[in-house]
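Student: Protein chains in written order, with this note's numbering: chain A, 1229 to 1559; chain B, 1229 to 1559.
No wet-lab data here; the hints were simulated from the structure.
Don't take every hint at face value.
If chains are identical, the list can't say which one is meant, so a pair holds when it fits in one copy or spans any two.
[What the hints assert, rightly or not] DSS-like, lysine-lysine: derived pairs with alpha carbons at most 30 Å apart:
no.	residue 1	residue 2
1	K1549	K1493
2	K1255	K1371
3	K1339	K1319
4	K1452	K1557
5	K1313	K1524
6	K1526	K1366
2 protein chains.
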Amino acid sequence: MPRNQGFVLASRPTGVAVADNFRFFEKDTPAIADGQVLVRHHYLSLDPYMRGRMDESKSYAASQQIDDVMIGGTVGEVVESRHPKFAVGDKVVGMGGWQTYSVSDGVGLNKVMPGIPIQAFLGPVGMPGVTAWYGLNKIIAPKPGETVLVSAATGAVGSVVGQLAKAAGARAVGIAGGAEKCRFAIDELGFDACVDHRSETFAADFKAALPNGIDGYFENVGGKCFTLASRRLNDFARVAICGLIASYEGAETSSLDDLRILLVKRAKIEGFIVSDHLPLWPQALGELAGAVATGKLKWRETVADGIQAAPAAFFGMLRGKNFGKQLVKLI
Amino acid sequence: MPRNQGFVLASRPTGVAVADNFRFFEKDTPAIADGQVLVRHHYLSLDPYMRGRMDESKSYAASQQIDDVMIGGTVGEVVESRHPKFAVGDKVVGMGGWQTYSVSDGVGLNKVMPGIPIQAFLGPVGMPGVTAWYGLNKIIAPKPGETVLVSAATGAVGSVVGQLAKAAGARAVGIAGGAEKCRFAIDELGFDACVDHRSETFAADFKAALPNGIDGYFENVGGKCFTLASRRLNDFARVAICGLIASYEGAETSSLDDLRILLVKRAKIEGFIVSDHLPLWPQALGELAGAVATGKLKWRETVADGIQAAPAAFFGMLRGKNFGKQLVKLI
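Generate coordinates for the entire structure from the input sequences, incorporating the hints supplied.
Tutor: Here is the structure:
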């Protein structure tokens, strides 16, 4: 029987999440019952939403329970099956959690398409890609010639937002942390401009990169990014709030200091969670898979090695140390 | 030649608008040219948006120019006509401004329907009514059983919002200034509940009136009303920002202190200006006129007497001293 290694939530953070909030475990994988499969995970996805789940009922979703395996998206391979729809060797994507193996009854477990690297199903052809697709197409809905701004522009979500905005004929402007990320956004992802929020000249650079203001803003970060963006909204601007990572651990406040800007600009701010829109996932995934398979949609990943590395990689992602999609390679 | 009396904007307010910001004039009405009509005004409408126009380019519309007649909606009667579409005696609604007569080339001048009191075309069957109709139907779009909250609930806009919300099968809750206005909202307008924002128990009353939270919020006021409402939004709540009168002269800040509520609740906040949506006015006015003519849509008005009374009535309206639609009866 293979051994399963992973992390449970040991305690809830008070402010900044720390290593002690997780507890490592190792135990035998259980015998599977009829209708179940055992999946060996190749990659675990680390995503900002996990930080919200660690808190008690402050997030949109039910809290992660103490002593339960940390929630998380995984891709892997069926290694045992007593389920009619899955065979040993099937490559699958699901919510296997922070562990090297999981048992599934098939609900929420999907076979992946061949011809695309398997870890892409945790990124551009997975939840982050659909998140970008939904916020851009259903909330911002850019018109050709409009300007779309996205924060965390080289991240798993932001990189897709920028490329979809360009494909829609919009000017894509990114905000990223550091000159290297900004260069990547422009040179590899095709953004028209990208500003470094860590630069001392951030506010001036921000203004210079947006000569025609902002028609759509896809917000992953909040804090000072939101404050600056709110002051450069055009008439009828649409702001999609996807994440506010700058505020998840209290580092920065994310606020709108004067609501009058919404009135003067007839602007809209809308928060969304991609899991509310499951009926749209097949369409989104189909479009994203096509774009990845044909090389039109690019992405970058940062891969931590081994399940033991998951907590540190997660903390790094919350502080922007990752470059592109943060993964953990398991087996 | 009849004499025309009115007010021009003499100076821009610094903070609170005062009488010296207006200058009274009296002069002969001009001779009209071919294609023009002379309209004698029966009523002038006083509306919160006028305060924004007095400031320099802070509002969505072009500023009111110094020394120009103050902008304002009027209803009246054609007393001279050299325009093929208007005859002497026609009752008309237009933007005649703060004066007793105006000359018009017919653009933006519309004949009113018979069978409805003429001043209703400045209220429930005019710009305020269409404002309520647009924000409620196009942004909030209430479903039966949902809760719709509206501030300034007995005002020209709020009173229509509440009645349309009830007609849509929603629970209508108002915020108004004073017990008398709250009683009127419930007893005459049919609101399910109304809370007095001047009461010492406002916050507790507010909570008690919203046992099922808020699905739609029609904001006319801002300040503490918005702050309290933002904390009781339900999942997928829609907030229409129509006005922020509490902040127009700096009395209260209107802000959203923590954007996370939009993410957690997947809520939307959208500012709007009814003049952006002219193609919808005929449908809205048709529905509103029908509801007024059949007695289904009720309203209340406060009428100041004579053009000289306009500035004081305007200042009173900014502070909530009016009860229902604020009008000035001219001739």
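Student: All the hints need checking, so say for each whether the structure fits it.
Tutor: Here is how each hint holds up against the structure:
1. Taking identical chains as interchangeable, the C-alpha atoms of K1549 and K1493 lie at most 30 Å apart only when they sit on different chains, with a minimum of 29 Å there against 35 Å within one chain.
2. In the homo-oligomer, the alpha carbons of K1255 and K1371 never lie at most 30 Å apart, since the shortest distance is 53 Å inside one protomer and 51 Å across protomers.
3. In the homo-oligomer, the alpha carbons of K1339 and K1319 lie at most 30 Å apart inside one protomer (6 Å), although the nearest pairing across protomers, at 71 Å, exceeds that limit.
4. Proximity of K1452 and K1557 under a CA criterion of 30 Å is satisfied in neither setting, with 33 Å inside one chain copy and 50 Å between copies.
5. In this assembly of identical chains, K1313 and K1524 lie within 30 Å of each other by CA distance neither inside one copy nor across copies; the values are 32 Å within and 59 Å between.
6. In the homo-oligomer, the alpha carbons of K1526 and K1366 lie at most 30 Å apart inside one protomer (22 Å), although the nearest pairing across protomers, at 38 Å, exceeds that limit.
In this structure, the hints that do not hold are numbers 2, 4 and 5, in rising order.
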